[in-house]
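Participant: Below, each chain spelled out in residue letters.
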Amino acid sequence: MNKIIKYVLYDIIRNKIVVAYTLFLLLLSIGLFNLGSSPEKGLLSLLNLVLLTVPLISIVFATTHFYNSYEFMELLVSQPIKRSKIFMSEFLGVTLSLSAAILIGIGIPVVLFAPGATGLYLVLTGVFITFIFVAMAFLASVITRDKAKGIGIALMLWFYFALIYDGIVLFILYSFGDYPLEYATLALTALNPVDLGRVMVLLNLDVSAMMGYTGALYKSIFGSGWGVGIAFLVLVLWVMVPLLLSRRAFTRRDL
Amino acid sequence: MKNLSKYLIVCTAYALVCLLGSPAAFGDTLKVCTTCEYHSVKEAVRQAKAGDIVLVDGGVYKESGIEITQPISLIGRNNPVIDGQNSGQIITIKSSNVKLEGFTVQNVAVSYMRDDAAIRVADRQNIQILNNTVLNTYFGIYLQNADNSVVKGNVVKGENTGKIESSLGNAIHVWRTDGAEISNNRVEGHRDGIYFEYVTNSQVHENISERNNRYGLHFMFSDGNVYTQNIFRKNGAGVAVMYTRNIRMEHNTFEDNWGAAAYGLLLKDISQSVILNNTFRRNTTGIYMESSSRLDINSNDFERNGWAIRLLSSCIQDTFRLNNFTGNSFDVSTNGSPTMNLFEDNYWDKYSGYDLDKDKTGDVPYRPVSLYSMLVERVPPSVMFMRSFMVDLMDSIERVLPSFIPETLVDDRPQMKKIDHDSDRKLVQNLR
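Just so you know, the protein sequences line up as chains R and X, in that order.
Quick note on the numbering used here: the first sequence kicks off at 15 and runs consecutively.
Quick note on the numbering used here: the second sequence kicks off at 228 and runs consecutively.
None of these hints come from the bench; they were simulated from the model.
Hints should not be assumed to be uniformly reliable.
Beyond 12 Å from chain X on every Cβ pair, some chain R residues (computed) [to be verified]:
1. Ser52
2. Leu65
3. Leu106
4. Phe127
5. Val208
6. Arg212
7. Ala230
Here are the simulated lysine to any residue pairs, SDA-like style, with alpha carbons at most 20 Å apart [stated by the list, open to error]:
8. X:Lys577 with R:Lys233
9. X:Lys577 with X:Met601
10. X:Lys577 with R:Ser51
11. R:Lys55 with X:Val591
12. R:Lys233 with X:Asp483
13. R:Lys55 with X:Gly278
14. X:Lys577 with R:Leu46
15. R:Lys233 with X:Thr553
16. R:Lys55 with X:Met601
17. X:Lys577 with R:Ile178
18. X:Lys289 with R:Leu63
19. R:Lys55 with X:Asp342
20. R:Lys55 with X:Leu503
21. X:Lys644 with R:Gly50
22. R:Lys55 with X:Asp619
23. X:Lys461 with R:Leu46
24. R:Lys233 with X:Met567
25. R:Lys163 with X:Lys461
26. X:Lys321 with X:Asn305
Chain X residues, not near chain R, derived (Cβ > 10 Å throughout) [to be verified]:
27. Arg341
28. Trp402
29. Gln499
30. Thr511
31. Thr512
32. Asp523
33. Lys585
34. Pro607
35. Ser609
36. Val610
37. Ser615
38. Asp639
39. Lys645
Backbone N, C-alpha and C define an ideal beta-carbon position, used for all residues, glycine too.
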């Protein structure tokens with residue numbers, strides 16, 4: 015398995031996209047920290063960016079990578095290696111390289127400009143979102159053999175989580191505004207990893223104090239070690255569910 | 228020439244004699260210290276006649292229930308400490324024209340029935356309470372029915388950690404008084420920093436009120452007062468101003484009033500008042516306005532608040548001019564559509580219009596109420612989606628094609644550049 019991961023990683027690094035991605039994140043983070051008047055403001059802008067670009071790049075990169083290495087996988091399948099092993103190696107190869115990009119591209123500037131728990135949450139959120147969206151990309155790729163269709167599904171997933179979901183939830187909140195929705199909103203947030211990551215970082219920043227009574231309620235939940243622990247647990251679930259589903263599909267289907 | 232200088236010298240000498248001799252001419256000086264005639268402040272005060280000076284030297288006096296019944300001056304030298312040892316009220320002033328200066332008064336226990344204070348003035352006028360330190364008391368300085376009194380340069384510090392609102396008193400409590408002057412005091416750790424009820428034509432200047440459990444400044448039914456250059460910081464609920472008209476608030480700073488129910492300035496049923504040149508920084512809500520009318524809110528700075536202004540629809544004829552709004556999560560929010568309020572010539576950092584004719588005023592009107600702020604006002608839990616990409620998108624679309632946000636709340640002349648208030652602030656300070 016380690017050997018396969020090594021080859022996958024080697025392949026990814028050779029095509030230089032991940033290197034470009036790392037440089038892009040690094041430049042952006044340093045730029046935002048230098049532009050903003052305070053490190054907190056930098057973190058906030060960085061958060062918005064991470065939540066928009068990281069899922070998009072992860073999902074598109076992982077889908078194209080999966081389709082591009084189809085021949086390699088076919089070759090491996092003909093060898094006496096378990097299919098789940100091949101699949102997991104591919105997954106880890108992609109996620110590890112993209113996570114490394116985040117750790118270098120965002121982690122280093124955060125440590126330099128805004129060290130602290132919130133910065134750590136931001137980087138962790140970025141890493142988790144990478145894992146989650148790569149898992150989703152693999153799910154989209156194993157559903158269909160057609161590359162165009164696969165990328166289409168992946169983009170739809172990104173569109174749904176980054177944009178449509180919030181719109182739907184805001185509409186629901188507006189429609190049911192007469193009911194007490196504090197905890198329902200909390201549950202709805204957990205159903206979208208992007209929102210969960212955003213809320214977790216936001217509520218640990220000073221701005222949360224500006225969010226009034228409801229903000230204070232959520233801060234009491236997310237500000238505690240308990241709340242953060244549960245939030246990360248939910249994120250782990252968000253990685254595991256699509257990953258296990260796609261692994262199951264991969265091991266059973268006709269390549 | 229020689230005559231003139233001689234005349235001057237004689238004159239000065241005469242004036243000096245007059246000045247130095249005057250206390251002696253009006254009364255005696257009673258000294259209190261361990262080696263003096265009097266060892267107890269209480270005893271000396273009891274013996275003092277009208278016009279006397281009771282001079283207390285440094286040291287700790289474990290006394291309470293000191294009652295001043297004559298117009299005397301009670302003056303502390305070398306910071307004498309009067310320790311009430313939690314046995315009731317310490318100094319009660321029951322005479323007009325009393326001066327109390329230079330003491331440290333400490334330890335008054337909570338008393339729900341009597342509202343014990345360190346220093347209380349009851350129904351007498353022209354009292355001066357200067358440069359005292361009041362520590363660890365229930366109420367600090369309590370003026371009731373004390374017209375034309377001065378409370379100046381005092382420090383009132385309470386212990387409020389872990390205590391609830393109802394077991395705390397106010398630092399400076401003024402009730403039914405006309406023409407009081409409260410200035411240069413520093414109050415902290417009480418329920419309300421400065422509390423006014425039925426206080427009229429009074430001045431509150433250059434006080435610092437911080438870390439109080441409830442309000443930094445709280446006044447009700449107190450018309451015609453002037454508040455300038457005070458700092459209200461980190462109070463549980465900020466500053467509350469209710470049922471009052473004709474007040475001026477100038478050059479005050481409201482900052483760091485954070486929390487679930489914290490306001491920089493809460494205005495309820497206020498009318499015909501002026502709020503000028505104040506700074507609202509890092510409050511959950513900068514100004515919260517309810518049923519307030521004919522206010523002139525002019526040249527203030529709103530920086531990094533959650534809500535800069537929450538204008539409820541019960542407010543009418545309020546004017547907002549030449550204010551700076553920078554870094555606030557929401558500039559203005561409302562629960563309906565308030566009418567007849569005027570926004571003009573303000574600077575909004577979220578304004579994205581242009582200025583083709585270069586008159587430093589934006590050519591497109593700015594709508595300070597965002598769709599999302601309306602949504603949050605209606606459904607508070609949606610605050611969870613703050614800074615979501617969808618929310619930004621929604622707001623941008625609504626700004627271009629307004630359909631939900633109130634038509635009446637609009638700044639037709641938004642400024643392109645931040646308005647500089649700092650220079651004229653210094654100028655005014657110099658003039659004062």
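Participant: When you check the alpha-carbon spacing of lysine 233 (chain R) and threonine 553 (chain X), does it fall within 20 Å?
Facilitator: 24 Å, violated
Participant: Would the least Cβ to Cβ distance between arginine 341 (chain X) and chain R come out above 10 Å?
Facilitator: Arginine 341 (chain X) clear of chain R: closest Cβ-Cβ about 36 Å, beyond 10 Å.
Participant: Given the hinted pair lysine 289 (chain X) and leucine 63 (chain R), is their Cα-Cα distance within 20 Å?
Facilitator: Violated, because 65 Å separates the two Cα atoms, which is more than 20 Å.
Participant: Within 20 Å, alpha carbon to alpha carbon, are lysine 163 (chain R) and lysine 461 (chain X)?
Facilitator: 57 Å, violated
Participant: Does threonine 511 (chain X) really sit off the interface, with its C-beta more than 10 Å from all C-beta atoms of chain R?
Facilitator: Check fails; 6 Å does not lie beyond 10 Å.
Participant: Between the alpha carbons of lysine 461 (chain X) and leucine 46 (chain R), is the straight-line distance 20 Å or under?
Facilitator: 30 Å, violated
Participant: Are the Cα positions of lysine 55 (chain R) and methionine 601 (chain X) separated by 20 Å at most?
Facilitator: Given pair lysine 55 (chain R), methionine 601 (chain X) is violated - Cα atoms ~24 Å apart, limit 20 Å.
Participant: Taking C-beta pairs only, is aspartate 639 (chain X) more than 10 Å away from all of chain R?
Facilitator: 28 Å, holds
Participant: Would the hint linking lysine 55 (chain R) and valine 591 (chain X) be met if the CA-CA limit is 20 Å?
Facilitator: 28 Å, violated
Participant: A cut-off of 10 Å on Cβ-Cβ distance, and serine 609 (chain X) was said to be off the interface with chain R. Does that hold?
Facilitator: The claim is violated: serine 609 (chain X) sits with its nearest Cβ about 5 Å from chain R, within 10 Å.
Participant: Examine each Cβ of chain R, and state whether all of them lie more than 10 Å from the Cβ of proline 607 (chain X).
Facilitator: 4 Å, violated
Participant: Is the straight-line distance between the alpha-carbon of lysine 577 (chain X) and that of serine 51 (chain R) 20 Å or less?
Facilitator: Holds, because 16 Å separates the two Cα atoms, which is no more than 20 Å.
Of the numbered hints given earlier, the model fails hints 1, 2, 5, 6, 7, 8, 11, 13, 15, 16, 17, 18, 19, 20, 23, 24, 25, 26, 30, 31, 34, 35, 36 and 37; all others are met.
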